[in-house]
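Here full-length UniProt numbering is used: the first residue of the sequence shown is 1, the next is one more, and so on.
Incorrect hints may have been included.
Said to hold, decoys possible - Distance condition first, Cα-Cα at most 16 Å in a straight line; then the derived EDC-like pairs of lysine to aspartate or glutamate:
1) K148 x E110
2) K158 x D238
3) K128 x E95
4) K128 x E166
5) K126 x D151
6) K148 x E235
7) K255 x D238
8) K105 x D151
9) K128 x D190
10) K105 x D190
11) K216 x D190
12) K134 x E235
13) K204 x D214
14) K126 x E218
15) K204 x E185
16) K134 x D238
17) K216 x D200
18) K158 x E246
19) K105 x E124
20) K128 x E194
It is worth saying that the hints were derived from the structure and are not from the lab.
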Amino acid sequence: MGTALRNLVSKQKSSGTESLGGKGKLTGELITKLSSYYGWALKSHKGDVKAMHKAVMATYYHITSNDVTSNHTLCPEGTDARPFVNIVNSFSQQETHLYQLFVAKNELLEIPTVQQLFHQSIYECKLKFQRAPKALIIQMPRCGKQFKLYDYIVPSLKLDITDALEDSYRFCYVCGRQATLECWECFRPDVGLECTSYCDSCSKTVHQHKDRTDHKQEPLLIKDSFRKDAPLRREVMDLFAVVCIETSHYVCFVKCPVKNKHTWCFFDSMADREG
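Use the sequences and the hints to build the structure in full.
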């Protein structure tokens, strides 16, 4: 396949018409990559023409994907490991390996943190986590050269997921006691989900304000064990890694334990390349 593509580029170039090669087109590196993927697609699905065709087309769709149009529907689903996250809403329940942040740009957040975007996404999608996940992979809003929701996003070293859990002990935003009611309409992106939970007394006071009298409040799901001897603590997760990907180039910061301390290591997938 590589030879055929190179011959096609060469023939097109000599014909005097618009070249297929060059930056943003069929470069030598891209042809090598396509050849490698094509060979893998054929060898990995011997005897199964349908699977072979799907793998070849997945390569084509993946290569043509861009910031505006995501063409990854045929790409392999990846790991068979048990999903980390159980997401629930009013209509359905879903298991997933990662949580994609879907948010609209908010002018109150000039340079948002991951914590703020996480809370905003939970609020806008009206979702909850069924339980605290053992690990949480969060995918930031899509961005690239042609489109960028925010110029900068600050990684949060700690992520508070207390108010995103379906059956977690919640704290009243005003007095700090156990919350019994939730009001989505009280959400503020600069504060987070903390300002959506209240105890009965504080909720009554807060919603006497003329701007909040029409807010709809819902009772929180509270297990009996929480009422008696539940520990008064928030569910907080520690940041383990940050990965940034652009096409086939990625860099990452990973927390590595060294002599009972945590240090951050940096890796660049193209660090060994020259030129």
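Each hint, compared with the structure:
no. : hint        : in the structure
1   : K148 x E110 : holds (13 Å)
2   : K158 x D238 : holds (5 Å)
3   : K128 x E95  : holds (12 Å)
4   : K128 x E166 : holds (5 Å)
5   : K126 x D151 : violated (26 Å)
6   : K148 x E235 : violated (31 Å)
7   : K255 x D238 : holds (10 Å)
8   : K105 x D151 : holds (11 Å)
9   : K128 x D190 : violated (20 Å)
10  : K105 x D190 : holds (12 Å)
11  : K216 x D190 : violated (21 Å)
12  : K134 x E235 : holds (11 Å)
13  : K204 x D214 : holds (12 Å)
14  : K126 x E218 : holds (13 Å)
15  : K204 x E185 : holds (15 Å)
16  : K134 x D238 : holds (11 Å)
17  : K216 x D200 : holds (14 Å)
18  : K158 x E246 : violated (25 Å)
19  : K105 x E124 : holds (11 Å)
20  : K128 x E194 : holds (14 Å)
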